[in-house]
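Chemist: Spelled out, the chains give:
2 protein chains.
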Amino acid sequence: MHRIPIELLTKAAFSPFGEVIETDFVDAIVINEGFALRVNNLAQIDVAADAGAVDISLFVAKARQRPIKVRIMERHPLGSQMFLPLQERSWLILVCVDPLIPASYRAFEASGRQGVNYARNTWHHPLLVLYDDERFLVVDRKGPGNNLEEVRVDDPIELAGLDFGL
Amino acid sequence: MHRIPIELLTKAAFSPFGEVIETDFVDAIVINEGFALRVNNLAQIDVAADAGAVDISLFVAKARQRPIKVRIMERHPLGSQMFLPLQERSWLILVCVDPLIPASYRAFEASGRQGVNYARNTWHHPLLVLYDDERFLVVDRKGPGNNLEEVRVDDPIELAGLDFGL
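Heads up: the sequence lines are chains A and B, in that order. Using our numbering, the letters of the first sequence map in sequence onto residues 1 to 166. Using our numbering, the letters of the second sequence map in sequence onto residues 1 to 166.
Treat the hints with care, as some may be off.
As the list claims (entries may be wrong) - If you want the footprint, here are the derived chain B segments under chain A, 3+ residues with CB under 8 Å: (1) 53–61; (2) 92–102; (3) 144–154.
Claimed, not checked - Label-pair ranges, simulated between beta-carbon atoms: (4) Asp98/A / Leu8/B: 42 to 52 Å; (5) Pro156/B / Gly161/A: 55 to 65 Å; (6) Arg89/B / Asp133/A: 17 to 27 Å; (7) Glu149/B / Lys69/A: 52 to 62 Å; (8) Ala63/B / Arg113/A: 17 to 27 Å.
None of these hints come from the bench; they were simulated from the model. Even for Gly, the Cβ is constructed at its ideal location relative to N, Cα and C.
Please model the entire structure based on the sequences and the hints provided.
Modeler: See below:
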């Protein structure tokens with residue numbers, strides 16, 4: 001059994017896999033005559049390949065049984081995929097360099113104010129939430145072509161640390 | 001004084017001005033081996049004019065003093081602009097056909113699960129929230145060209161009904 005420890009999500013740690021959607025407001029600009037702050041460029045949306053366009057969608061996810069065992073990983077060869085939680089509760093992210101190499105997996109705990117934008121071709125687990133009916137805004141690609149690759153994972157891999165506070 | 005009544009936000013009522021970002025799940029598809037529902041095409045992102053691209057940004061807004069008086073309206077001639085609340089609290093939307101014609105104004109109360117996507121060139125008021133520090137994900141256009149038109153409103157126009165429950 002290969003157990004993947006859960007790290008706190010940071011921009012630096014996640015950079016090989018995509019972007020973290022969050023801000024420290026350092027780049028905030030004041031707009032609307034002082035009634036709002038705006039922070040631009042939180043994610044680079046990469047969906048134009050092969051006549052693709054932006055799809056705005058809503059996901060509603062169910063919690064997995066614990067321990068969370070990895071059975072499938074997926075990636076999108078034609079575009080990025082962004083997830084932003086619509087409630088302020090932590091959620092999990094599992095990515096890897098190669099689904100068949102357990103040592104290449106990384107798991108992250110995101111806060112309810114952190115989203116991610118998986119880079120094109122980043123292997124990731126389908127949405128992993130800790131409670132039922134968690135809602136996410138998703139920004140990814142619609143258009144012609146096959147934008148989904150899935151790989152079954154037979155090696156026993158599970159997330160470690162879920163018994164400790166999550 | 002022209003007072004604009006506040007209507008409940010519905011797709012039909014808002015259709016002259018853009019899209020309401022919400023779903024009744026009629027078009028939901030089951031994904032992730034049953035662990036998630038997905039609803040596609042919640043908004044048509046229209047930002048490609050003149051070499052524009054999608055900007056993903058965060059707005060944090062302050063509540064206005066009541067009564068809310070209209071002093072400025074704006075529109076974006078080069079693209080759509082989508083607002084989705086990141087907390088489940090009601091917020092307000094004010095649009096018009098012509099900023100100088102008070103009778104052309106419409107005001108809406110959106111729930112905390114409703115966003116809007118203003119169509120290109122729809123006149124709208126800057127973000128109107130009922131509490132401080134309300135957070136919104138915004139999807140609009142970045143790129144060359146002037147994508148902001150503003151008009152000062154001198155006629156006294158204010159939102160009606162804010163004393164009744166909002």
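Chemist: Can you give the numbers of the hints that this structure goes against, from lowest to highest?
Modeler: 2 and 3
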